[in-house]
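Using the hints, position chain B against chain A.
Line by line, the protein sequences are chains A and B. Anchor point for the first sequence: position 340 equals 340 in the numbering used here, and the numbering is continuous, going up by one each time. Just add 1000 to wherever you are in the second sequence, counting from 1, and you've got the numbering used here.
No lab work stands behind these hints: they were computed from the structure. Check before you lean on any hint, since a few could be wrong.
[Stated by the list, open to error] Taking lysine to any residue and the SDA-like style, the derived pairs with C-alpha atoms no more than 20 Å apart in a straight line are: (1) A:402 with A:363; (2) B:1065 with A:50; (3) A:65 with B:1315; (4) A:286 with B:1043.
[Stated by the list, open to error] Stretches of chain B that chain A covers, calculated by requiring three or more beta carbons in the stretch to come under 8 Å of a beta carbon on chain A: (5) 1055-1061; (6) 1104-1112; (7) 1206-1214; (8) 1290-1299.
Bear in mind that the values here come from a model prediction, so they are computed numbers and not experimental data. Where a beta carbon is used, it is the ideal one built from N, C-alpha and C, also for glycine.
Protein chains: 2
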Amino acid sequence: MARVNENYLKLPGSYLFSTIGKKVAAFQEANPDKTIIRLGIGDVTQPLAPEIIKSLHNAVDEMGKAETFHGYAPDLGYEFLRKAIVENDYKARGCEIEADEIFVSDGAKCDSSNIQEIFAADSKIAVCDPVYPVYVDSNVMAGRTGVYDAKAETWSDVIYMPCLESNGFAPELPKEVPDLIYLCFPNNPTGATITKAQLQEWVDYANKNNAVIIYDAAYEAYISETDVPHSIYECEGARTCAIELKSFSKNAGFTGVRLGYTVIPKELICDGVALHGLWARRHGTKYNGAPYIVQRAGEAVYSEAGKAQLKDQVAYYMNNAKTIKEGLSAAGFSVSGGVNAPYIWLKTPDKMTSWEFFDYLLENANVVGTPGSGFGPSGEGYFRLTAFGTYENTLAAIERIKKL
Amino acid sequence: MARVNENYLKLPGSYLFSTIGKKVAAFQEANPDKTIIRLGIGDVTQPLAPEIIKSLHNAVDEMGKAETFHGYAPDLGYEFLRKAIVENDYKARGCEIEADEIFVSDGAKCDSSNIQEIFAADSKIAVCDPVYPVYVDSNVMAGRTGVYDAKAETWSDVIYMPCLESNGFAPELPKEVPDLIYLCFPNNPTGATITKAQLQEWVDYANKNNAVIIYDAAYEAYISETDVPHSIYECEGARTCAIELKSFSKNAGFTGVRLGYTVIPKELICDGVALHGLWARRHGTKYNGAPYIVQRAGEAVYSEAGKAQLKDQVAYYMNNAKTIKEGLSAAGFSVSGGVNAPYIWLKTPDKMTSWEFFDYLLENANVVGTPGSGFGPSGEGYFRLTAFGTYENTLAAIERIKKL
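This is chain A alone, in the form it adopts within the complex (with noise of 0.2 Å):
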């Protein structure tokens, strides 16, 4: 008789933003004349630039040809995506990493949460809290996080790293010592980030403990302080600790484009194994490739003019994020994060929980926003704005908020 995965079942409720896509669905339907400003999901709003849609009309033209037609794409991606993204996101910045060691993907989504797969069924992880919740839940699904605590929100066999306030939202190094450590700098949700040498001090600590670091740096390209690591690879020993995980999602829009890519250093051993060859593996048992259209769309963002296009676009959000936060800091909010990152992190006013906060936002100003809560527990208290809307909803949004 077939039986279903347990691990499923412990999950509690239903992913984070399908729960919030759900309530606002439900306030549009009862309120059809209002008009809501999502500032919620990291969703971006900008079209595709210039010079990305030329390469996608050009490779859906070649799509059209016999003569430069391509079927399925090489395991690892194509040669010339790789090459550009060592180029640019590594080799510019002194980091030493190979085309052969990129795996390109449909997203770091999805990186994220299959990368858990090549490491054993009883590994410890350690993830920030707030935490962006596809870590923990796919590693739910594996039954790698013991019992759930419904009170404390928490999982029993979970290694939970608290980032607040008085942390300056940065994590501590664990007293247990876990077997995967996740890191995401700048943050996701909190917006904060950490300089060269803390993470140097996480690359050594993994090093000394036979840990493995994945990192997520999906949000680099909002780096503005000098003294922040735009990869972790730029720190030494990283080659013999870590995974960094990309996304094409933030830095060139393409959340509805599809384009990441996963880095594993040959170096990078694990009890004897090394990483590469079993992520090697599943991506040649368990995955297609990219298509070919989005990966020539991948090579473009690294072309001079896509270049110089996308740095607007990044300015654009980050405008946003200005406004936002000068916007709320004005209103008597607490907030912070939005200087490395597109996102703000506010403290909830009056002691609301972050659902009640959610709740009085979307019903009174009509804005979405994310509960922290929804992070983890140490995401009470706190709600996450993004700067990936329009700069006028934007903009109004605050107004809406400061009218409060």
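Chain B in isolation, oriented as in the chain A frame:
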């Protein structure tokens, strides 16, 4: 200390098509003057149909304008595509499937390897032998297959259902009852298929034994005979026991475009749990949707112009199948398949093993096929040729083989 998923280490050798790729590359390097014809991997060669190219260009233009830009797709896929699928692939054939039972994805390879994840870790799987390697390998990675017998090339905990000349390459109902049954008709690799009455027996068997059928209908577009089912939902009772996987790779040439879908009827209850909800949770947590432009291309597959153009494309490949089948028969080979499927399954001559014949063909005719033993022990002594080459190459390959 981080440790790896040891199940990965149990996998013998590399993924079949990676091995073939390396062998062919080595031969080409040693023989740069030889023109190799590839009839091995099931990759298409015809360019995308004009109607699909048109829809891709339109969708790319939409992505370049703020008013029509599309970010994250809905979890299950865009409704315009799911509705087109339901109308054309199901309602038109009298199958009761609703749009919210369709999960759009980036292809049947991912779906067929990921689907096992929603079932219990100790589920017993049954597969045809020979079989598409992904079904077995994905279960090996999940630790579900027991111990590998290198000599027999079988796993201790897998139920193999031999598909041989003696049973018309159709599996028989297994004596030991499995939890999950993988079926693929028209079949990869044998090109054989079964009648609706035969498939009904499987549905009845699954319902009686509370087993779940994972039905891979990737080659459905190649069916030319009337009594062959296009979907398992043509059978009575399939809604309570079957998941269906579909691909756009072969009917529309999307191997490099990446699109597929999975159907999970809401009545499919497993051990008291609706599988639809579990798969929805997986989609929401570990996947971020197929690209908007690709989903628009999928919609074009179902337009009147698209259907007409793709009918011609399928006919082109089936003419290749006929060319291979008739040519090899005339040359004295024993061949099957190629009538309802783009695959020709031939018996190796002179009691050669499958890999011996692979090397023989590569070296002497410079033609690449796929060794039958790569698909399972019962594939030993067989060889797969695909009809997905160009007509000119297909003809040339058969002429070369005839001359051996």
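How the hints compare with the structure:
1. A:402 with A:363: Holds: residue 402 of chain A and residue 363 of chain A sit about 15 Å apart, inside 20 Å.
2. B:1065 with A:50: Roughly 10 Å between the alpha carbons, so the hint for residue 1065 of chain B and residue 50 of chain A holds.
3. A:65 with B:1315: Holds, at about 18 Å.
4. A:286 with B:1043: Roughly 17 Å between the alpha carbons, so the hint for residue 286 of chain A and residue 1043 of chain B holds.
5. 1055-1061: holds (count 4)
6. 1104-1112: It holds: at least three residues are needed, and the region 1104-1112 of chain B offers 4 whose Cβ sits within less than 8 Å of chain A.
7. 1206-1214: Answer holds; 4 residues pass the 8 Å Cβ test.
8. 1290-1299: holds (count 5)
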